[in-house]
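There are 2 protein chains.
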Amino acid sequence: MADLRMTERAAQLAEQVLAGDLRLGARLIRDLDDQTALAERVLKALWPHTGLAFILGVTGNPGAGKSTVVDSLIAYYRKLGKRVGVVAIDPSSPFSGGAILGDRIRMQRHALDEGVFIRSLASRGHLGGLSRSTGEIVAVLDAMGFEIVIIETVGVGQGEVDVVALADTKVVVTVPGLGDEVQAIKAGILEIADVLVVNKADREGADRTVRDLLTMLELRHAEAPLGPDFPSSEVEIIRTVAVRGEGIGELATAIQRHQEKTANLAPIRRARRARRELRDALLDRCAQLVDRVLSENTQWVDQVQRREIDPYSVSDRLLQELLQSATSGNAPYPRSA
Amino acid sequence: MADLRMTERAAQLAEQVLAGDLRLGARLIRDLDDQTALAERVLKALWPHTGLAFILGVTGNPGAGKSTVVDSLIAYYRKLGKRVGVVAIDPSSPFSGGAILGDRIRMQRHALDEGVFIRSLASRGHLGGLSRSTGEIVAVLDAMGFEIVIIETVGVGQGEVDVVALADTKVVVTVPGLGDEVQAIKAGILEIADVLVVNKADREGADRTVRDLLTMLELRHAEAPLGPDFPSSEVEIIRTVAVRGEGIGELATAIQRHQEKTANLAPIRRARRARRELRDALLDRCAQLVDRVLSENTQWVDQVQRREIDPYSVSDRLLQELLQSATSGNAPYPRSA
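Residue numbers (our numbering), protein chains in the order written: chain A, 1 to 337; chain B, 338 to 674.
Next up, chain A with everything else stripped away, as it sits in the complex:
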């Protein structure tokens, strides 16, 4: 009965979110973070209404001015009358779970605009959690009818890069005059770029940065499984001074050109995202199961710590017991060693 009421309540909430209730949308996203059962029901109900938004990934070096570029893009798209949702994944504390740059100060000028919806997400990437959380928030924004959903993330951690890798168009932002190590990071994320941005292009060294990027593009491997669906020779390099809005129109045009040129690949991109979403959901359930098993079987942790048994043998045994207990009417996880 309680279950039925929850399903009804979820359907009701889903309808309100679909009708564009921003306050409810924001609350749903918060609840997803806490993984309430109700939030998942709502997401289930919203699912048929997703898959319509254009998903734009923006990543790049720390300090490259990604937020400013995103902010300028929002302003540009708003002038065209498009509604824009943003998921900003902040470098953040592994412990507080909170987004340090929470308020995204530079984006506050959109705070009163109902056509813009910005959510920060702490980077809590244990075991694909980051990917799952991002996917869920994108789904909510998508269902709420935002035509463009921007995922902004720092381009350093693997999890952070992966999250952007499945966007429809991937924009990588860099900046003149970074040191050696940072250049190496740039090389790592360069491989996913569909459009490259040299921001702060009024700075000294911008020409050299463009030349370096061109060289790197020539070296890029385009046949990577999750890689760019775009030959390197067609990747455009756009110069911007995002704080002044310079070059943003050109950037938006380059993004559109990428979409048009790769329109035939859109179904592949959607299939990849669906697979990722399903995989994230499955692994999330597995992680919950594993954590429960470990909490109830601390003696195994003790034995591993005392080096009496190795983690692989314990894993095999726990997994076996888990699978066997599922149909035998016992608790769905082993209780004793």
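Careful: at least some of the hints might be erroneous.
Covered stretches of chain A, as calculated for chain B (at least 3 residues, CB under 8 Å) [what the hints assert, rightly or not]:
1) 3 to 16
2) 36 to 47
3) 278 to 287
4) 294 to 301
5) 310 to 321
Some chain B residues judged to face chain A by a derived CB distance under 8 Å, without partners named [as the list claims (entries may be wrong)]:
6) Met343
7) Pro385
8) Gly496
9) Leu615
10) Ser650
11) Arg654
These aren't lab readings, by the way, just hints derived from the structure by calculation.
Using N, Cα and C, we set each Cβ at its ideal position, and we do this for glycine too.
Position chain B against the provided structure of chain A, taking the given hints into account.
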């Protein structure tokens, strides 16, 4: 029979690794990357001989000079006659799987020293893969008798920070004169610091950086579950100019002091690591199972993509089938929708 031969072969290899065969150790680490069945057997055999090394985590901003600090620490510990293993986790391509800074040029002066063993690891962090890989390499180095194992990682991605968070002592390296966004990242990793290093301390702004760090320390929450086991007031801030070896003796002393002051917490740290190792191994098996299920059930991915069903409902169904098929003599995963 083949299985028995493999177990024998694994025992033999394990003995050679334990006897200090560096070439075999290097090969084992390579094989772990490919997850060969033999490599896992060897790791099982090595397990009882692990848990002895002191694990030092070094992380910090890109460009802060972490590699140089690690290089100088190696030289310092070598003079004391200690053998040092290093796992360097590089920012790297999500696709090449290779470590961009592969050869760690600055560390090459140790190339002929049998008491130093450096391995680079690409940051491939899908679903805790980074954590698992690092843990396994640390275990091999530990079993090989390296008394100090240093994990060096960029302090930006969540996965990358998590890997260092379970070290015995966590050193966070920063540098004067970084921009705003990077400062925020620093705040994120500051919470795990047991010792703080201001490298390139001969640069302008070093005093200000030290003051900023002191302020941040005052704000730090020490009661975080995986957080520092050390009150903020006891975190030492060490100035170094690592390229010239300046301040490295002081850093080593601060590390030792942290160990002495927190000796009573060592069992807790070891228990946390054992739990992580067991969790990583379990989740790795789950991920393999999930990937197999998804490859054999592409119709589910199609249906999710067409929005005919949501990923959560599919997950529940696939997991259920998986658990039920385990004891019914069927293939251990569902084949049809």
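Okay, the hints, checked on the actual structure:
no. : hint       : in the structure
1   : 3 to 16    : violated (count 0)
2   : 36 to 47   : holds (count 4)
3   : 278 to 287 : holds (count 10)
4   : 294 to 301 : holds (count 3)
5   : 310 to 321 : holds (count 9)
6   : Met343     : violated, 14 Å
7   : Pro385     : holds, 5 Å
8   : Gly496     : holds, 5 Å
9   : Leu615     : holds, 5 Å
10  : Ser650     : holds, 6 Å
11  : Arg654     : violated, 10 Å
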